[in-house]
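Single-letter residue listing:
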Amino acid sequence: MTEKAEKSLKKFYVGFFVVAMALAGVVSYYASSHPDGLEKVAENEGFLETAKNSAVSGSPLADYGIAGLDNERLSVGLSGIVGVVITALVGMLLFKFLKKKS
Amino acid sequence: MHIPDGFIDLPTSASVGLLAISGTAVALKKARTELDDRTAPMAGLTAVFIFAVQMLNFPVAAGTSGHLLGGALATVLVGPWAASLAVTVVLGVQALLFADGGLTALGLNIFNLSIVAVLVSHICFKLAKRVLPKIRSSIPLAAAFAAFISVPVSAASFALQYAIGGTGTAPAGTVFAAMFSTHVLIGIGEALITMLTISAIISTRADLVYGWKNNKVTLEVKKA
Numbered sequence: 006m007t008e009k010a011e012k013s014l015k016k017f018y019v020g021f022f023v024v025a026m027a028l029a030g031v032v033s034y035y036a037s038s039h040p041d042g043l044e045k046v047a048e049n050e051g052f053l054e055t056a057k058n059s060a061v062s063g064s065p066l067a068d069y070g071i072a073g074l075d076n077e078r079l080s081v082g083l084s085g086i087v088g089v090v091i092t093a094l095v096g097m098l099l100f101k102f103l104k105k106k107s
Numbered sequence: 640m641h642i643p644d645g646f647i648d649l650p651t652s653a654s655v656g657l658l659a660i661s662g663t664a665v666a667l668k669k670a671r672t673e674l675d676d677r678t679a680p681m682a683g684l685t686a687v688f689i690f691a692v693q694m695l696n697f698p699v700a701a702g703t704s705g706h707l708l709g710g711a712l713a714t715v716l717v718g719p720w721a722a723s724l725a726v727t728v729v730l731g732v733q734a735l736l737f738a739d740g741g742l743t744a745l746g747l748n749i750f751n752l753s754i755v756a757v758l759v760s761h762i763c764f765k766l767a768k769r770v771l772p773k774i775r776s777s778i779p780l781a782a783a784f785a786a787f788i789s790v791p792v793s794a795a796s797f798a799l800q801y802a803i804g805g806t807g808t809a810p811a812g813t814v815f816a817a818m819f820s821t822h823v824l825i826g827i828g829e830a831l832i833t834m835l836t837i838s839a840i841i842s843t844r845a846d847l848v849y850g851w852k853n854n855k856v857t858l859e860v861k862k863a
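Protein chains in written order, with our numbering: chain A, 6 to 107; chain B, 640 to 863.
So that you can see chain A by itself, here it is in the shape it has in the complex (with noise of 0.2 Å):
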């Protein structure tokens, strides 16, 4: 690859991961916070009660939220980067290791 060929595919990837952050930290504030298709049906057809708290419930990022934050915006916004940046970590190490056997 040549060197600038290089950098404008550094620029797609960073544009990439840029745009991901702007949609997890500030437009995800503005999401529907009505009940997904699952937990509609769950609730419509009387099974909804027989869900259990999962083991991580008090996670301090549970139900992307920052726990003791709260300014809503911030709350939200703020776990969603730190989503973003978790899954970025942990996607980019195993596809690296991935490749790197290939």
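Just so you know, not all the hints are guaranteed correct.
Said to hold, decoys possible - Only pairs whose alpha carbons sit at most 30 Å apart, straight line, appear in this in silico DSS-like list of lysine-lysine:
(1) B:K765 to A:K9
(2) B:K669 to A:K104
(3) B:K765 to A:K101
(4) B:K773 to B:K852
(5) A:K57 to B:K668
(6) B:K773 to A:K16
(7) B:K765 to A:K104
(8) A:K9 to B:K668
Claimed, not checked - To give an idea of the chain A side of the interface with chain B (calculated C-beta under 8 Å), a few residues:
(9) F22
(10) V23
(11) V32
(12) A36
(13) G42
(14) K45
(15) S59
(16) S64
(17) I71
(18) G73
(19) N76
Just so you know, the hints here were simulated from the structure itself, not pulled from any lab data.
Beta carbons are placed, not taken as given, at the ideal position from N, Cα and C, and that holds for glycine.
We have chain A already, so just place chain B on it with the hints.
Just chain B, lined up with the frame of chain A:
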């Protein structure tokens, strides 16, 4: 469509969990054939993008929302094996840190969203590509078709798990009908988001889209 703990009994969750582990093991092995210097970062970024967009629930019908599953998007961007792993990474992060989707239900969720959705997307995308003209602008359309089909099929996969090991008292047929019809609507959102994203990426960096690159048997080498 993240299943919480408790909806499906433990024996069923464990059995499907074994299937999910086997499928993921195969994907780990096969993904190596799809990953090179360019696609490996792309696969990581695809996981990141899916995580982000899954936070964006959109309204579908009275009091109901849906969000992207991402199986089709990932399949078209990085190929089915890496796609399956990318979605699994997202589900793992969500279940372990965000309490989104149960822990005992993680295998069920991986099965429905990383295996069923990706497999269905892969098949539908290939079929649509065969029918549509062999031009670049067909790719977002084929991706949209795959996305649309993948959502109700994943919902049906949940309904099957409910039929086998659901702890609720609602009849399996009713749950299937409700899941299927709701997720046909959510599938429209899935198709739109997938189409827009693939369009945007293919118009800037078509060379990074697995589903398009893979159309060509030979690589064109452009001399600078």
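Do the hints match the structure? See the list:
Distance restraint check for K765 (chain B) and K9 (chain A): the Cα-Cα separation of roughly 33 Å exceeds the 30 Å cut-off, and the hinted pair is therefore not satisfied. Of the supplied pair hints, the one linking K669 (chain B) and K104 (chain A) holds, its CA atoms being roughly 11 Å apart against a limit of 30 Å. The suggested pairing of K765 (chain B) with K101 (chain A) holds, with an alpha-carbon distance near 27 Å, which does not exceed 30 Å. A C-alpha spacing of about 12 Å is found between K773 (chain B) and K852 (chain B), which places the hinted pair at or below 30 Å, so the restraint holds.
Restraint check for K57 (chain A) and K668 (chain B): the C-alpha separation of about 34 Å exceeds 30 Å, so the hint is violated. With a CA separation close to 29 Å, the supplied pair K773 (chain B) and K16 (chain A) stays within the 30 Å bound. Among the hinted pairs, K765 (chain B) with K104 (chain A) is consistent with the structure: their alpha-carbon atoms are about 25 Å apart, no more than 30 Å. Only pairs whose Cα atoms come within 30 Å are accepted, and K9 (chain A) paired with K668 (chain B) is rejected, the gap being roughly 33 Å.
For F22 (chain A), the interface hint holds, the least distance from its beta-carbon to any beta-carbon of chain B being 6 Å, beneath 8 Å. Restraint check, V23 (chain A) versus chain B: the minimum CB separation of about 11 Å is more than 8 Å; hint violated. Contact between V32 (chain A) and chain B, as hinted, is supported at the beta carbon level, the nearest pair being about 6 Å apart and thus within 8 Å. Look at A36 (chain A): its Cβ gets to within about 4 Å of chain B, closer than 8 Å, so that hint holds up.
At its closest, the beta carbon of G42 (chain A) sits 4 Å from a beta carbon of chain B; the interface hint therefore holds under the 8 Å criterion. Hint status for K45 (chain A) relative to chain B: holds, with the closest Cβ pair at about 4 Å, below 8 Å. Satisfaction of the interface hint for S59 (chain A) is found here, the shortest Cβ-Cβ separation to chain B being roughly 5 Å, below the 8 Å cut-off. Annotation: S64 (chain A) was flagged as interfacial toward chain B, and the flag holds, the nearest CB pair being 6 Å apart, inside 8 Å.
Because the smallest distance between the Cβ of I71 (chain A) and any Cβ of chain B comes to about 11 Å, over 8 Å, the interface hint for this residue is violated. Interface hint status for G73 (chain A): violated, as the beta-carbon distance to the closest one in chain B is roughly 16 Å, over 8 Å. Evaluation of the N76 (chain A) hint against chain B yields a violated restraint, the C-beta minimum of about 17 Å exceeding 8 Å.
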